[in-house]
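**Q** Okay, here's what each chain looks like letter by letter:
Number of protein chains: 2
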Amino acid sequence: MLIMGIDPGTATTGYGLIRKDNEKIEALSWGLVETSKELSLGKRFIDIFSNISDLIRKYKPHVVAMEKVFFASNAKTAISIGQSQGVMLYCFAKNKIDVYEYSPAHIKKTITGLGRASKKDVQRSLRSFFGSKIRSPKNGKTHFDDAADALAVALCHAIRLGNDEKGGE
Amino acid sequence: MLIMGIDPGTATTGYGLIRKDNEKIEALSWGLVETSKELSLGKRFIDIFSNISDLIRKYKPHVVAMEKVFFASNAKTAISIGQSQGVMLYCFAKNKIDVYEYSPAHIKKTITGLGRASKKDVQRSLRSFFGSKIRSPKNGKTHFDDAADALAVALCHAIRLGNDEKGGE
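Each protein sequence line maps, in turn, to chains A and B. So for the first sequence, the working numbering puts the first residue at 87; every next one is plus one. So for the second sequence, the working numbering puts the first residue at 87; every next one is plus one.
The set of hints was computed from the structure by calculation and includes no laboratory data. From a predicted model like this one, the values you see are computed outputs, not experimental measurements. Among these hints, one or two may not hold up.
[Stated by the list, open to error] Derived pair list, reagent style EDC-like, types lysine to aspartate or glutamate, alpha-carbon separation capped at 20 Å: (1) A:K180 - B:E124; (2) B:K106 - B:E251; (3) A:K182 - B:E124; (4) A:K129 - B:E187; (5) B:K252 - B:E124; (6) A:K146 - A:E112; (7) A:K180 - B:D133.
[To be verified] Here are a few chain A residues that face chain B, going by a calculated C-beta distance under 10 Å: (8) S126; (9) V155; (10) K162; (11) I165; (12) I183.
Cβ coordinates follow ideal geometry from the N, Cα and C atoms, glycine included.
This is chain A alone, in the form it adopts within the complex:
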């Protein structure tokens, strides 16, 4: 089972691919899809759609786990988050890949045991799962958080699958 985690955003979308074979969970790849502020919103969405489609062709994920945001500091931010979510949901539906959405609190709780865990806590848990290779990729340290969040939501889905399997035994 190959799971693609997505932390959607217009400027920066984090992605993370993990493979789950029975008990074994490993991180295959993670990184960022970034778009230029110089472009119109529509062109940025074309870039996002095209880059995510490339990742789908390359890794052929069976399923997508996406961070679902219900909360935003204001309506403008919420609408902007919604716009990139909409393009993602369209992209995955076009590629016939089911999307599972998890709230940030649920992801944190599943991975660290604490719904209000900090980004550092989440990244520490990711390293304890996947090993010390989980750190900032070469294309910039500042936005590594988004790639880590994408790995985290993918891991959250993998753990849920594991629990469902156990529950079914």
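Guided by the hints, dock chain B onto chain A, whose structure is given.
**A** This is chain B only, laid out in the frame that chain A set:
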């Protein structure tokens, strides 16, 4: 100049096509793109993208005028509005059609003279511009408001173009 007005939504998207030849402005077509609540969000966005693309192929609009919402009663609503906006912006960018966005207050002010005009006021102004044919289409009276809002934003853009032309003389 053929202008396509859009009032985006996930359940119901209103559209309205108007033609502007110098001083003459006429409404060509208006209606709704509706999606089923039974479908996943991703599949609803596929339906929206596909229906809007059909309208683009049929009418070949030169430009799109879209209602831009900055405000929502809560983050969940704002994110939902953003999702369908994102799919629309992606669709028009893919079709290489520029999108002009106008706030509801700006549209009302331009068409009725009053930024806080009611839906009835807007529809009365539409009828005084386009004639009495501007009424509920056969596919339901309840959502005619969305088609009327789409015609209103298209008309708002046409009036702006007219003012720009006068200003340039």
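**Q** Determine for every hint whether it applies to the structure shown.
**A** Hints, one by one, checked against the model:
1. Between K180 (chain A) and E124 (chain B) the alpha-carbon distance is near 18 Å, which keeps this suggested pair within the 20 Å criterion.
2. The straight-line distance between the Cα atoms of K106 (chain B) and E251 (chain B) is roughly 12 Å, inside the 20 Å bound, and the hint therefore holds.
3. Between K182 (chain A) and E124 (chain B) the alpha-carbon distance is near 17 Å, which keeps this suggested pair within the 20 Å criterion.
4. With a C-alpha separation of about 15 Å, the suggested pairing of K129 (chain A) with E187 (chain B) holds against the 20 Å cut-off.
5. With a CA separation close to 49 Å, the supplied pair K252 (chain B) and E124 (chain B) exceeds the 20 Å bound.
6. Taking the CA atoms of K146 (chain A) and E112 (chain A), the gap is about 16 Å. The hint holds against a cut of 20 Å.
7. Proposed proximity of K180 (chain A) and D133 (chain B) is supported: the alpha carbons are some 11 Å apart, at most 20 Å.
8. Interface restraint check for S126 (chain A): the shortest CB-CB distance to chain B comes to about 7 Å, inside 10 Å, so the restraint holds.
9. Hint status for V155 (chain A): holds, given a least beta-carbon distance of 7 Å to chain B, under 10 Å.
10. Against a cut-off of 10 Å between C-beta atoms, the interface hint on K162 (chain A) holds, since the closest Cβ of chain B lies about 6 Å away.
11. The interface hint given for I165 (chain A) is met, as the beta carbon of that residue sits about 4 Å from the closest beta carbon of chain B, less than 10 Å.
12. With a cut of 10 Å, the hint placing I183 (chain A) at the interface with chain B holds, because the nearest CB-to-CB distance is about 9 Å.
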